[in-house]
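From first to last, the protein sequence lines stand for chains A and B. The numbering used here puts the first residue of the first sequence at 1, with every later residue one more than the last. The numbering used here puts the first residue of the second sequence at 1, with every later residue one more than the last.
Honestly, the hints are just simulated from the structure, not real lab data. These figures come from a predicted structure and were not determined experimentally. Misleading hints may appear alongside valid ones.
[As the list claims (entries may be wrong)] Some chain B residues well away from chain A (every beta-carbon gap over 10 angstroms; in silico):
#	residue
1	S52
2	N60
3	A102
4	D240
5	Y247
6	D276
7	I289
8	L318
[Stated by the list, open to error] Some chain A residues near chain B, calculated using beta-carbon distances under 10 angstroms:
#	residue
9	L76
10	D77
11	E92
12	D96
13	A100
14	D101
15	I102
16	R105
17	N115
18	L116
19	P118
20	Q124
21	L128
22	R176
23	M180
24	N181
[As the list claims (entries may be wrong)] Only pairs whose alpha carbons sit at most 20 angstroms apart, straight line, appear in this in silico EDC-like list of lysine to aspartate or glutamate:
#	chain 1	residue 1	chain 2	residue 2
25	B	K325	A	D101
26	A	K139	B	E3
27	B	K326	A	D97
28	A	K34	B	E403
29	B	K326	B	E6
30	B	K325	A	D97
31	B	K325	A	D77
32	B	K326	A	E138
Glycine included, each C-beta is placed from N, C-alpha and C at the ideal position.
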Amino acid sequence: MGEQFSLGLEALEEEGKLKTPITIQVAHISKIYKTGDIETKALDDVSFIINKGEFVAIMGPSGSGKSTLMHILGALDTPTSGTYILDGENVEKLNDDQLADIRNRKIGFIFQAFNLLPRTTVLQNVMLPMRYGGVPIEKRQDVAKKYIQMVGLSQRMLHTSNQISGGQQQRVAIARALVMNPAILLADEPTGNIASVQAEEIMAIFQEINSQGHTIVMITHEPDIARHAKRIIHVKDGKITQDEKNHKQQIAKKEHASD
Amino acid sequence: MQEIFELITESIATLTLNKLRTGLAILGIVIGIGSVIALVSLGQASQQAIQSQIQSLGANLLTVSPGAQNTGGVRGAAGGGQSLTYDDAKAILTSVQVDDVAQVAPQYSSRGQVIAGGQNTNTTIIGVTDSYTNVTNTLVSEGSFISAQDNTNMSKVAVLGPDVVATLFPDGSDPVGRSVRISGTPFTVIGVTLPKGGTGFANRDDTVYIPLLTAQKQLFGVDYVSSISIQVKSADLMTDAENQVGYLLLARHKLSDPTKADFSILSQSDILSAADQTTGTFTTLLSGIAAISLLVGGIGIMNIMLVTVNERTREIGLRKALGAKKQIIVTQFLIEAILLTFIGGLIGIGLGVLASYVYSLVTHSLFVVSPLAVLLAFVVSGGIGILFGWYPAQRAANLQPIEALRYE
Numbered sequence: 001m002g003e004q005f006s007l008g009l010e011a012l013e014e015e016g017k018l019k020t021p022i023t024i025q026v027a028h029i030s031k032i033y034k035t036g037d038i039e040t041k042a043l044d045d046v047s048f049i050i051n052k053g054e055f056v057a058i059m060g061p062s063g064s065g066k067s068t069l070m071h072i073l074g075a076l077d078t079p080t081s082g083t084y085i086l087d088g089e090n091v092e093k094l095n096d097d098q099l100a101d102i103r104n105r106k107i108g109f110i111f112q113a114f115n116l117l118p119r120t121t122v123l124q125n126v127m128l129p130m131r132y133g134g135v136p137i138e139k140r141q142d143v144a145k146k147y148i149q150m151v152g153l154s155q156r157m158l159h160t161s162n163q164i165s166g167g168q169q170q171r172v173a174i175a176r177a178l179v180m181n182p183a184i185l186l187a188d189e190p191t192g193n194i195a196s197v198q199a200e201e202i203m204a205i206f207q208e209i210n211s212q213g214h215t216i217v218m219i220t221h222e223p224d225i226a227r228h229a230k231r232i233i234h235v236k237d238g239k240i241t242q243d244e245k246n247h248k249q250q251i252a253k254k255e256h257a258s259d
Numbered sequence: 001m002q003e004i005f006e007l008i009t010e011s012i013a014t015l016t017l018n019k020l021r022t023g024l025a026i027l028g029i030v031i032g033i034g035s036v037i038a039l040v041s042l043g044q045a046s047q048q049a050i051q052s053q054i055q056s057l058g059a060n061l062l063t064v065s066p067g068a069q070n071t072g073g074v075r076g077a078a079g080g081g082q083s084l085t086y087d088d089a090k091a092i093l094t095s096v097q098v099d100d101v102a103q104v105a106p107q108y109s110s111r112g113q114v115i116a117g118g119q120n121t122n123t124t125i126i127g128v129t130d131s132y133t134n135v136t137n138t139l140v141s142e143g144s145f146i147s148a149q150d151n152t153n154m155s156k157v158a159v160l161g162p163d164v165v166a167t168l169f170p171d172g173s174d175p176v177g178r179s180v181r182i183s184g185t186p187f188t189v190i191g192v193t194l195p196k197g198g199t200g201f202a203n204r205d206d207t208v209y210i211p212l213l214t215a216q217k218q219l220f221g222v223d224y225v226s227s228i229s230i231q232v233k234s235a236d237l238m239t240d241a242e243n244q245v246g247y248l249l250l251a252r253h254k255l256s257d258p259t260k261a262d263f264s265i266l267s268q269s270d271i272l273s274a275a276d277q278t279t280g281t282f283t284t285l286l287s288g289i290a291a292i293s294l295l296v297g298g299i300g301i302m303n304i305m306l307v308t309v310n311e312r313t314r315e316i317g318l319r320k321a322l323g324a325k326k327q328i329i330v331t332q333f334l335i336e337a338i339l340l341t342f343i344g345g346l347i348g349i350g351l352g353v354l355a356s357y358v359y360s361l362v363t364h365s366l367f368v369v370s371p372l373a374v375l376l377a378f379v380v381s382g383g384i385g386i387l388f389g390w391y392p393a394q395r396a397a398n399l400q401p402i403e404a405l406r407y408e
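With the sequences and hints as input, model every part of the structure.
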């Protein structure tokens, strides 16, 4: 294990990236699913490092293993082998409750299907992670309001999740992902369920959050969406095929403030 | 403490948000608990009604039946004997040995064919004396009952029970004064008895009464009676009267050993003890009803809880993804289940009690609510509700959050 870790560091030094603090360090991660006698390698010896403040898109066709990678990065699933260090904490050895704690404090999730609590107000949805994070009840509302304002939904605060549009629901999810001030924002096909105009707004919010110093990891299969990131990792057949800086980062138009 | 309080407020909020789901779950519990309470209470009301009916027959009635005749060790069927006669009955009333007896009503009963016009029925024919009406509290609604005169004259007159009237005179015409043929002999109808209802040991509404001597001599050709009903002067003289009648009959039948008596005397206290045995059977029946309704109610509650929790597997996945620990999720669902069960349980108890009350009003019976049934229904249904609210939540909380999120 120590060896694997040092391997990761060597790779780092070669690229001369040690200047900025490391947020995600993935070393030799494999994930094998067993169905009866058949073994499927969803991830095959994947290693990479993501530094604080990066905006990374992980791209790949369906079945490439990018969803599995996202689940492991999100501490929703554990790798079969390999090391995953998130913000200084070794994740793969933790039990269920410790993983829940990691997800709560260090990861902000943004799902393709939004996954808001049904028939619950925007405010309550955004306050939910703070409830599990032990934030004092009297502080929650102020914090939630701050982030709801940031995604431009102050006017919709007391609307329930089924009374607002898909794009607005995703903005609620972004606010919810940010309230615990996590180490990374993990977005799984964040624009997959919404219209392209609204997708552009979501990307604008991502870039704004990123400019404030938040690390963002976004899984997508759409090149148009991936283009908004600063770095693109291509995954295919469970391996990384390409890891490149996106020198032509597309800047999204900021229209979201009006809702 | 703060944590529990927060969970409770959260649970109440969730329950009020999903009114249909909450309503259905509560309905399931209400029906489960309410039906058990209502059914058991109805059963107990009927049980007490039967007991009080038996008691209302009169606590001062003795019935003498021809007893077992031991012939070569073979015991004959009780009531099938021929050892009692009309003279025995007369002796009981007139003997100086017996001074606690008020009235005596000997009867001979058999079955026979009764024909009126084109209609006929096979029914119980009872030969009675005029005292029968007082001793057994049999009243007529039309005409008159058998008189002492009818008996001594061996008149061919008959008093019909209301069921017999309905069978023989379906057009609703007045049977009094009409002629009927009983086992081939023509009789004149002189009265109709008041309906007594079919409860008790025989349906007295499906009966034809004729004078005892007419029955014995003219119709069936026998010289014995089937039983002798005796009205004792008061209820506290029962034991004395029973002894007096017993010794008189032993002497008349020339028997010295009371264990060889060819008759038996049944008092109301014996009937009451028999009724107590009936009550025992009834209690078993009630337990069966309660068990079945508990089972049915329990399955209903189980289903609705399983469905509502399963429906929320995705929600559980989301809560876990956002950092909820297993314990918090399970506790939340447990609190919801407890709230549902308590609300549903209280409404169920209320409705069950109300149903019993309405039943007692409608049937003019006693209003009984069994505290045991209430407790049993509440504990069992509540237990099932909580168990099946907790169990699927526990299962869902154990899923990997990503599996729970994908759950359809």
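Hints, verified against the model:
1. With a closest Cβ-Cβ approach of about 56 angstroms to chain A, B/S52 is found to remain outside the 10 angstroms limit, as its non-interface label requires.
2. Chain A leaves B/N60 outside its interface by the beta-carbon criterion, the shortest separation being 72 angstroms against a cut-off of 10 angstroms.
3. Interface exclusion of B/A102 from chain A stands, the closest Cβ pair being 79 angstroms apart, more than 10 angstroms.
4. The beta carbon of B/D240 is kept farther than 10 angstroms from every beta carbon of chain A, the shortest such distance being approximately 81 angstroms.
5. For B/Y247, the requirement that its beta carbon stay farther than 10 angstroms from each beta carbon of chain A is met, with the minimum near 87 angstroms.
6. The claim that B/D276 is not at the interface with chain A holds, since no C-beta of that chain comes within 10 angstroms of its own (minimum 59 angstroms).
7. Chain A leaves B/I289 outside its interface by the beta-carbon criterion, the shortest separation being 41 angstroms against a cut-off of 10 angstroms.
8. The beta carbon of B/L318 is not kept farther than 10 angstroms from every beta carbon of chain A, the shortest such distance being approximately 5 angstroms.
9. At about 4 angstroms, the closest approach between the beta carbon of A/L76 and any beta carbon in chain B falls short of 10 angstroms, and the interface hint on this residue holds.
10. For A/D77, the interface hint holds, the least distance from its beta-carbon to any beta-carbon of chain B being 6 angstroms, beneath 10 angstroms.
11. Nearest Cβ of chain B to the Cβ of A/E92: about 14 angstroms, over the 10 angstroms cut. The hint is violated.
12. With 10 angstroms as the threshold, the beta carbon of A/D96 comes within range of chain B, its nearest partner Cβ sitting at about 6 angstroms, so the hint holds.
13. Annotation: A/A100 was flagged as interfacial toward chain B, and the flag holds, the nearest CB pair being 5 angstroms apart, inside 10 angstroms.
14. Annotation: A/D101 was flagged as interfacial toward chain B, and the flag holds, the nearest CB pair being 7 angstroms apart, inside 10 angstroms.
15. The criterion of a C-beta within 10 angstroms of any C-beta in chain B is met by A/I102, whose closest approach is roughly 8 angstroms, and the hint holds.
16. Interface hint at A/R105: satisfied, since its Cβ lies 7 angstroms from the closest Cβ of chain B, which is below the 10 angstroms cut-off.
17. Interface restraint check for A/N115: the shortest CB-CB distance to chain B comes to about 5 angstroms, inside 10 angstroms, so the restraint holds.
18. Interface restraint check for A/L116: the shortest CB-CB distance to chain B comes to about 8 angstroms, inside 10 angstroms, so the restraint holds.
19. Interface restraint check: A/P118 against chain B, minimum CB-CB distance 8 angstroms, threshold 10 angstroms, status holds.
20. Restraint check, A/Q124 versus chain B: the minimum CB separation of about 8 angstroms is within 10 angstroms; hint holds.
21. Because the smallest distance between the Cβ of A/L128 and any Cβ of chain B comes to about 6 angstroms, under 10 angstroms, the interface hint for this residue holds.
22. For A/R176, the interface hint holds, the least distance from its beta-carbon to any beta-carbon of chain B being 8 angstroms, beneath 10 angstroms.
23. Residue-level restraint check for A/M180 holds (minimum Cβ-Cβ distance to chain B is 8 angstroms; threshold 10 angstroms).
24. With 10 angstroms as the threshold, the beta carbon of A/N181 stays out of range of chain B, its nearest partner Cβ sitting at about 13 angstroms, so the hint is violated.
25. Proximity of B/K325 to A/D101 is assessed by CA-CA distance (about 8 angstroms); at most 20 angstroms being required, the pair is judged to hold.
26. A hinted pair counts as satisfied when its Cα atoms are at most 20 angstroms apart, and A/K139 with B/E3 qualifies at roughly 16 angstroms.
27. A C-alpha spacing of about 7 angstroms is found between B/K326 and A/D97, which places the hinted pair at or below 20 angstroms, so the restraint holds.
28. Among the hinted pairs, A/K34 with B/E403 is consistent with the structure: their alpha-carbon atoms are about 16 angstroms apart, no more than 20 angstroms.
29. For the proposed pair B/K326 and B/E6, the alpha carbon gap of about 16 angstroms is at most 20 angstroms, so the pair holds.
30. Among the hinted pairs, B/K325 with A/D97 is consistent with the structure: their alpha-carbon atoms are about 5 angstroms apart, no more than 20 angstroms.
31. Between B/K325 and A/D77 the CA atoms are separated by roughly 15 angstroms; this keeps the pair inside 20 angstroms, and the hint holds.
32. Of the supplied pair hints, the one linking B/K326 and A/E138 is violated, its CA atoms being roughly 24 angstroms apart against a limit of 20 angstroms.
Taken one by one, the earlier hints fail for this structure at numbers 8, 11, 24 and 32, listed in ascending order.
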